[in-house]
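Q: Letter by letter, the chains look like this.
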Amino acid sequence: MAGATSMHLGSDHASRFESKAATRETPLVKWTILALALGFFAIFLLMPLIAVFVEALRKGWETYVSALVDPDALSAIKLTLLAAAISVPLNLVFGVAAAWAIAKFEFRGKQILITLIDLPFSVSPVIAGLVFVLIFGAQGWFGPWLSEHDIKIVFAVPGIVLATVFVTFPFIARELIPLMQAQGREEEEAAVVLGARGWQVFWHVTLPNIKWGLMYGVILTNARAMGEFGAVSVVSGHIRGQTNTLPLHVEILYNEYMFSAAFAVASLLALLALVTLVIKNWVEHQAARSYRETQESAS
Amino acid sequence: MSIQVKNIHKQFGDFTALDDISLDFPSGELVALLGPSGCGKTTLLRIIAGLEQADAGQVLLDGEDASSTHVRERQVGFVFQHYALFKHMTVFDNVAFGMRMKPRGQRPSEAKIRDKVHELLKLVQLDWLADRFPSQLSGGQRQRIALARALAVEPRVLLLDEPFGALDAKVRKELRRWLRKLHDELHITSIFVTHDQEEALEVADRVVLMDHGKVEQIGTPEEVYRHPATPFVYGFLGSVNLFHGRVDGESVRVGDDTLAHQTSDLAHGAEVVAFARPHELDIDTDPASTAGIAARINRILAFGVTARVELDGINGSTGQHFEVEITRQRVLDLGLTDGQDVRLVPSRLKVFEKDGATG
Amino acid sequence: MSTVKSFRVLPGFNLTLGYTLGYLSLLILIPLSAVFLKTAELGWDEFVAVVTAPQVVATYKLSFGASLLAAAINAVFGLMLAWALVRYSFPGKKIVDALVDLPFALPTAVAGIALTALYAKNGWLGQYLEPLGIKVAFTPLGVLVALVFIGLPFVVRTVQPILEDLDTELEEAAASLGAQRWQTFRHVILPILLPALLTGFALAFARAVGEYGSVIFIAGNLPYVSEITPLMIITKLEQYDYRGATAIASVMLLFSFALLLIINGLQAWTAKRTGRDR
Numbered sequence: 001m002a003g004a005t006s007m008h009l010g011s012d013h014a015s016r017f018e019s020k021a022a023t024r025e026t027p028l029v030k031w032t033i034l035a036l037a038l039g040f041f042a043i044f045l046l047m048p049l050i051a052v053f054v055e056a057l058r059k060g061w062e063t064y065v066s067a068l069v070d071p072d073a074l075s076a077i078k079l080t081l082l083a084a085a086i087s088v089p090l091n092l093v094f095g096v097a098a099a100w101a102i103a104k105f106e107f108r109g110k111q112i113l114i115t116l117i118d119l120p121f122s123v124s125p126v127i128a129g130l131v132f133v134l135i136f137g138a139q140g141w142f143g144p145w146l147s148e149h150d151i152k153i154v155f156a157v158p159g160i161v162l163a164t165v166f167v168t169f170p171f172i173a174r175e176l177i178p179l180m181q182a183q184g185r186e187e188e189e190a191a192v193v194l195g196a197r198g199w200q201v202f203w204h205v206t207l208p209n210i211k212w213g214l215m216y217g218v219i220l221t222n223a224r225a226m227g228e229f230g231a232v233s234v235v236s237g238h239i240r241g242q243t244n245t246l247p248l249h250v251e252i253l254y255n256e257y258m259f260s261a262a263f264a265v266a267s268l269l270a271l272l273a274l275v276t277l278v279i280k281n282w283v284e285h286q287a288a289r290s291y292r293e294t295q296e297s298a299s
Numbered sequence: 001m002s003i004q005v006k007n008i009h010k011q012f013g014d015f016t017a018l019d020d021i022s023l024d025f026p027s028g029e030l031v032a033l034l035g036p037s038g039c040g041k042t043t044l045l046r047i048i049a050g051l052e053q054a055d056a057g058q059v060l061l062d063g064e065d066a067s068s069t070h071v072r073e074r075q076v077g078f079v080f081q082h083y084a085l086f087k088h089m090t091v092f093d094n095v096a097f098g099m100r101m102k103p104r105g106q107r108p109s110e111a112k113i114r115d116k117v118h119e120l121l122k123l124v125q126l127d128w129l130a131d132r133f134p135s136q137l138s139g140g141q142r143q144r145i146a147l148a149r150a151l152a153v154e155p156r157v158l159l160l161d162e163p164f165g166a167l168d169a170k171v172r173k174e175l176r177r178w179l180r181k182l183h184d185e186l187h188i189t190s191i192f193v194t195h196d197q198e199e200a201l202e203v204a205d206r207v208v209l210m211d212h213g214k215v216e217q218i219g220t221p222e223e224v225y226r227h228p229a230t231p232f233v234y235g236f237l238g239s240v241n242l243f244h245g246r247v248d249g250e251s252v253r254v255g256d257d258t259l260a261h262q263t264s265d266l267a268h269g270a271e272v273v274a275f276a277r278p279h280e281l282d283i284d285t286d287p288a289s290t291a292g293i294a295a296r297i298n299r300i301l302a303f304g305v306t307a308r309v310e311l312d313g314i315n316g317s318t319g320q321h322f323e324v325e326i327t328r329q330r331v332l333d334l335g336l337t338d339g340q341d342v343r344l345v346p347s348r349l350k351v352f353e354k355d356g357a358t359g
Numbered sequence: 001m002s003t004v005k006s007f008r009v010l011p012g013f014n015l016t017l018g019y020t021l022g023y024l025s026l027l028i029l030i031p032l033s034a035v036f037l038k039t040a041e042l043g044w045d046e047f048v049a050v051v052t053a054p055q056v057v058a059t060y061k062l063s064f065g066a067s068l069l070a071a072a073i074n075a076v077f078g079l080m081l082a083w084a085l086v087r088y089s090f091p092g093k094k095i096v097d098a099l100v101d102l103p104f105a106l107p108t109a110v111a112g113i114a115l116t117a118l119y120a121k122n123g124w125l126g127q128y129l130e131p132l133g134i135k136v137a138f139t140p141l142g143v144l145v146a147l148v149f150i151g152l153p154f155v156v157r158t159v160q161p162i163l164e165d166l167d168t169e170l171e172e173a174a175a176s177l178g179a180q181r182w183q184t185f186r187h188v189i190l191p192i193l194l195p196a197l198l199t200g201f202a203l204a205f206a207r208a209v210g211e212y213g214s215v216i217f218i219a220g221n222l223p224y225v226s227e228i229t230p231l232m233i234i235t236k237l238e239q240y241d242y243r244g245a246t247a248i249a250s251v252m253l254l255f256s257f258a259l260l261l262i263i264n265g266l267q268a269w270t271a272k273r274t275g276r277d278r
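Residue numbers (my numbering), protein chains in the order written: chain B, 1 to 299; chain Y, 1 to 359; chain F, 1 to 278.
Hints were generated in silico from the structure; no laboratory data involved.
In silico DSBU-like pairs for lysine-lysine, Cα to Cα no more than 30 Å straight-line:
(1) K61(F) / K135(F)
(2) K122(Y) / K173(Y)
(3) K87(Y) / K110(B)
(4) K20(B) / K93(F)
(5) K102(Y) / K211(B)
(6) K272(F) / K20(B)
(7) K94(F) / K30(B)
(8) K211(B) / K93(F)
(9) K59(B) / K121(F)
(10) K181(Y) / K122(Y)
(11) K211(B) / K87(Y)
(12) K135(F) / K59(B)
(13) K102(Y) / K112(Y)
(14) K116(Y) / K181(Y)
(15) K94(F) / K211(B)
(16) K20(B) / K94(F)
(17) K78(B) / K59(B)
(18) K30(B) / K93(F)
(19) K272(F) / K110(B)
(20) K211(B) / K272(F)
(21) K173(Y) / K87(Y)
Please build the complete structure, drawing on both the sequences and the hints.
A: Here it is as structure tokens:
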């Protein structure tokens with residue numbers, strides 16, 4: 001189900017089509033398609049993005065900055081970074097392990113496993129939060145036991161981390177599985193014949209081959225981890241200064257009609273999104289380059 | 001070092017890749033595993049290397065059972081069909097890889113590694129490419145680097161999977177000669193897999209012919225070519241004409257015609273297939289003659305010294321096609337023309353009893 | 001005879017597969033099963049009563065209807081956008097191409113408040129739509145707008161690589177056989193794109209049905225009018241009606257599983273039709 005999040009290694013060859021009579025539309029058709037496509041793009045993507053920054057700065061720099069240095073905002077930033085700092089490495093280790101098992105070995109039920117790994121993509125974030133309430137909440141499976149031992153998971157930081165791990169679960173695995181399947185086993189086998197051991201094979205042979213895919217997955221995971229709203233909203237309890245992440249802080253400010261402050265915090269998240277896109281593009285560019293090089297070597 | 005395989009069996013689902021294979025590879029020889037694709041030759045090579053596990057049977061290296069030895073400890077050099085060079089490493093780093101992977105205690109110093117790599121690169125005559133990446137090399141160069149990399153760990157045996165398969169015809173010929181020369185220098189027990197009979201006959205000391213997971217024949221190139229043990233081997237090594245018939249005393253009856261044969265132990269009336277190579281057939285233009293098989297000339301291709309005559313069977317062998325190689329001079333002497341009816345007389349005939357396994 | 005059944009040349013199979021299965025079970029499978037186990041406490045009649053309550057049914061209609069419509073809009077415009085990105089050169093193309101992924105990267109809450117600001121009565125777009133009698137913010141139309149936004153990249157990103165791989169010779173062959181440009185598109189290009197287009201559609205649809213963050217700000221959340229199913233779950237939770245929440249959640253989950261299987265099938269079809277493996 002990761003179709004739309006997979007690395008995209010295409011290159012710009014529009015002239016290939018525009019230069020040939022058989023693959024070219026009449027100017028009228030071409031300009032109509034361009035106008036519709038770009039109009040759609042402008043209204044649905046560009047304008048919301050611009051609106052965030054314009055609304056954020058509507059009341060001037062001072063309001064903007066004070067919204068960001070507010071203690072509640074700072075603690076939300078801290079919690080957001082913490083949740084990402086825990087969930088990204090966890091899913092990174094999982095992603096590499098899953099891709100290694102799936103891509104390098106044959107076993108029964110592999111296809112089912114791949115489908116199950118995709119599962120969190122198709123589950124509503126709200127349900128992702130709900131499941132942890134059902135398990136760790138006051139009425140949940142472990143609720144009584146947890147309250148007896150004075151451990152808080154739901155409406156506390158551990159719940160937020162769990163929900164974040166859940167929603168970002170498949171990204172890295174889904175990026176690596178097809179990549180490592182396409183690369184096959186031969187190089188790893190060659191390394192083993194030459195005497196390399198487990199970690200040496202992975203470190204010296206596999207990792208250099210998957211580094212761009214890995215980075216790509218990490219960036220997507222991180223963006224989603226920092227921006228997740230629905231799942232985190234269910235398990236957070238919205239305690240200001242304690243269990244509010246940045247997106248939740250945006251919601252609270254907005255609901256209190258502090259629009260400029262809400263947009264100021266939102267602009268921080270929008271910047272994060274833009275930085276993510278820039279890095280993502282750079283990674284794709286690097287990956288495309290190394291892909292082209294290996295293609296040359298295959299010819 | 002010698003290699004023995006004993007009663008190796010390998011199954012992939014319903015497909016039997018190797019069926020009770022036992023073979024001896026004497027020390028220092030260069031052996032070809034030859035057969036059509038899917039005959040199990042690559043699987044056998046991978047089992048010897050330890051890259052694949054046999055369902056049953058043993059692999060003995062120097063008389064010792066290596067079946068439970070991990071590929072890492074077997075000290076085999078393996079050259080992969082597509083070389084499997086590490087794309088992100090230079091040629092130098094590729095060749096040095098095996099030495100650098102050794103446990104700290106056994107690992108040579110960087111200086112020693114450098115000397116060894118350069119020595120190996122000189123051996124494969126590519127010393128000047130040390131700093132290049134695999135993507136900057138030609139196919140033939142990659143092949144030689146893959147070989148140098150395999151030799152760097154001082155393997156006891158060298159295993160090559162279709163070593164020339166991915167190369168174009170000219171480079172392939174060159175590399176064949178080079179591999180043979182290299183082997184004569186190093187004398188390391190080597191096995192290579194190929195589906196190309198010319199390659200096997202030209203390079204190897206000994207050829208193992210395989211089909212459908214079974215060994216059909218083992219022998220020197222001369223032996224297998226001159227004295228094929230089975231119809232499969234006959235058909236696989238070079239082009240053939242075949243005649244289906246029945247044994248009738250000293251001859252084989254093919255329809256209304258007869259062919260003389262020298263094989264002594266054939267039962268009277270047995271269904272047989274007789275083989276003759278194109279150069280082992282002669283053409284008789286005498287209309288009164290009754291020896292050999294009646295055929296009509298379809299096309300004469302006479303460009304070089306040897307001419308190829310293509311014929312269609314008539315009488316008993318209608319619908320069959322034959323091919324004869326004779327000198328161009330003989331075509332002229334006989335005055336052969338398209339559409340002419342002639343008789344084919346084998347100078348040498350190999351007869352196999354039919355047992356359903358031949359076609 | 002030493003037959004080791006679990007023989008593997010490459011290391012780490014047991015370790016990595018074991019870890020994968022353990023982690024998957026612990027974090028995903030067991031938690032999800034909690035939804036069904038909790039629902040089972042309800043009993044069939046009560047379950048049916050909860051999930052077919054009129055207010056809940058109204059949310060299904062809105063969630064599924066708006067999601068389908070949004071996915072359809074994205075299929076049409078996404079295809080055009082992918083076409084423009086692959087086939088035409090225009091200034092700023094690289095930026096457009098990069099920004100297509102914005103809905104993946106932008107937190108949904110941010111998207112929600114931004115869209116609300118745009119379509120509110122005095123917003124950049126709302127001020128022009130209002131006089132025309134078109135109300136977007138705080139109506140079902142607002143839900144649709146948010147769902148179009150978050151589903152936008154899916155169709156573009158599934159169709160784009162297929163378009164890029166398309167051999168120009170196919171179209172040249174069609175042209176040489178006398179086909180008009182439209183005929184070539186209809187009979188040659190579209191059949192090749194179709195599996196990817198449907199995959200993108202299904203992905204956008206699946207994402208839209210479960211979406212929460214970007215919708216709740218713009219929807220207004222009026223019962224029977226602009227309330228989506230995920231919000232219904234949250235509302236029940238806030239009322240400490242855990243059983244009701246899980247009952248609705250299990251209906252959504254079953255639907256998601258079915259959709260996931262359909263999408264997997266579609267992706268296999270794409271791979272088969274185009275010879276790509278992803």
